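Undergrad: Here the protein sequences line up with chains Z and S, keeping their order. Using my numbering, the first residue of the first sequence is number 1, and each one after it goes up by one. Using my numbering, the first residue of the second sequence is number 91, and each one after it goes up by one.
No lab work stands behind these hints, which were simulated from the structure alone. Source: prediction; values computed, not measured. It cannot be assumed that every hint is accurate.
Below, in silico cross-link-like pairs of lysine-lysine (DSS-like), each with a Cα-Cα straight-line distance of 25 Å or less [as the list claims (entries may be wrong)]:
#: 1; chain 1: Z; residue 1: 19; chain 2: S; residue 2: 234
#: 2; chain 1: S; residue 1: 366; chain 2: S; residue 2: 167
#: 3; chain 1: S; residue 1: 228; chain 2: S; residue 2: 124
#: 4; chain 1: S; residue 1: 366; chain 2: Z; residue 2: 19
#: 5; chain 1: S; residue 1: 327; chain 2: S; residue 2: 429
#: 6; chain 1: Z; residue 1: 62; chain 2: Z; residue 2: 23
Stretches of chain Z that chain S covers, calculated by requiring three or more beta carbons in the stretch to come under 8 Å of a beta carbon on chain S [as the list claims (entries may be wrong)]:
#: 7; region: 25-34
#: 8; region: 80-86
Some chain Z residues judged to face chain S by a derived CB distance under 10 Å, without partners named [what the hints assert, rightly or not]:
#: 9; residue: 11
#: 10; residue: 18
#: 11; residue: 19
#: 12; residue: 20
We put the beta carbon where it would ideally sit given N, CA and C, even for glycine.
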Amino acid sequence: MLAQEIPTLPRGVRLHYDKVRGKWVLLAPERAVTLDQIGHAILNEVDGQRSFGQITTALSEKYNAPQDQIAEDSGGFLDALRARRFLDVT
Amino acid sequence: MNRGVPPPIAMLAELTHRCPLSCPYCSNPVEMAKQDSEMDTDIWTRVFEEAAALGVLQLHLSGGEPASRRDLVTLVKAARQAGLYTNLITSAIGLSERRLHELDEAGLDHIQLSLQGTDAVMADKVGGYRGGFDRKMKAVEWIKAIGFPLTLNFVLHRHNAHQLLRALELAQEMGARRIEVATVQFHGWALQNRDALMPTRDQAQQVTQHVIEARQALKGELVIDYVPADYHDDYPKRCMGGWGTTGLNVTPDGQVLPCHAAQSIPHLQFDRVQDKPLAEIWYNNSAFNAYRGTEWMSEPCQSCDRKTIDFGGCRCQAMAIVGDANATDPVCIKSPHHKDLQSQANQHAASIDAPFVYRTAPGKTREPAE
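Sequences and hints are given; from them, build the entire structure.
TA: This is the structure:
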């Protein structure tokens with residue numbers, strides 16, 4: 001994912017707190033993806049407004065971690081969601 | 091949680107067995123639930139709440155044709171209120187523009203649309219319903235305009251396998267994000283149509299090749315899920331993602347099944363949602379416990395290194411073909427019945443003149459299209 005690209009969750013894909021299992025999940029058409037803490041933190045920042053670059057900057061400040069490390073980790077995660085059509089990019 | 095049994099993720103709610111189509115590949119049982127035995131809105135609402143509390147995330151509203159239920163919009167609203175992700179599995183017959191808008195307002199998350207063929211001649215012949223294809227395509231325009239996420243489900247068999255590439259185009263034209271290329275599975279009504287529907291081995295291989303190529307070409311645009319022709323395969327499918335581990339199925343009259351076709355296994359005893367809470371059924375019902383884990387297996391499954399990959403394959407298929415639900419799925423190359431099944435499959439596929447045996451239902455008198 002490029003820094004200037006803006007990720008957004010398309011209609012029919014949403015974050016959901018699974019009370020029974022005590023975990024955040026991404027609900028998508030006929031699928032449920034269990035999220036780890038990092039996955040949830042990234043998707044929480046995806047608002048359809050801010051670019052991937054802005055999101056990794058925000059996360060790097062929030063978690064006091066190097067931005068390129070965060071970009072590498074979260075980029076792969078978001079690309080995988082994109083390949084499954086769980087994420088749109090503009 | 092009991093003895094390490096995880097809570098279910100998905101529930102298939104068969105709201106009704108009524109359906110305007112008469113597809114020969116119908117996998118519902120030959121004996122279907124009659125309309126007067128269907129559960130009412132209040133019971134389904136309670137079942138949705140119990141399902142969510144049990145851990146179900148995905149609700150598939152199915153049938154029959156779920157649009158045949160007059161309370162469909164109310165049921166979708168109730169399911170969303172319970173916190174479930176709602177998926178409507180439909181032929182689109184019975185979905186008017188107004189009803190689709192109501193479903194939108196009720197919070198319907200996703201639509202899975204069945205496709206019997208890529209043109210009216212094929213689709214109406216398979217569905218046994220004149221004008222069905224045109225009505226479906228009209229509904230697709232409304233679905234697109236509203237913006238519902240859409241998956242197309244192309245049920246593929248000997249007569250329409252050559253339409254696969256067109257089906258992939260059609261999915262893109264419809265704006266679908268995903269297509270299921272589902273080679274016909276022989277359960278319930280479909281069993282008697284094996285002569286009429288069985289794809290040839292060559293067709294099955296060609297379809298697999300097309301799917302591999304299309305997945306590459308359409309990466310990021312169209313997700314392709316594929317159910318191969320398992321009679322021609324060497325390893326069985328992992329039925330239900332593991333019996334009693336992932337999903338459950340509620341019939342129109344309230345029976346809770348570990349899989350859609352489980353009623354074909356005569357020794358299993360099912361409970362009803364009218365009599366017991368869903369959680370108690372999931373964890374304690376004997377039918378759910380019958381094929382959980384690997385203890386029930388005999389050879390060649392018990393010593394097989396794939397036993398936790400495919401769990402011995404489909405129990406209903408073992409029942410239907412070998413007459414023993416505990417046996418290895420005869421699709422498996424290690425099954426003593428594997429060779430018989432493959433030659434049977436070739437014989438079915440060579441029965442080129444076999445007519446469709448159209449689905450019939452109690453009280454249904456309509457003539458099929460041909």
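Undergrad: Each of the hints needs a verdict: does it hold here or not?
TA: Hint check results:
no.	hint	in the structure
1	Z:19 x S:234	violated, 33 Å
2	S:366 x S:167	holds, 24 Å
3	S:228 x S:124	violated, 30 Å
4	S:366 x Z:19	holds, 23 Å
5	S:327 x S:429	holds, 17 Å
6	Z:62 x Z:23	holds, 21 Å
7	25-34	holds (count 6)
8	80-86	holds (count 4)
9	11	holds, 6 Å
10	18	holds, 7 Å
11	19	holds, 8 Å
12	20	holds, 4 Å
Comparing the model with each numbered hint stated earlier shows that hints 1, 3 do not hold.
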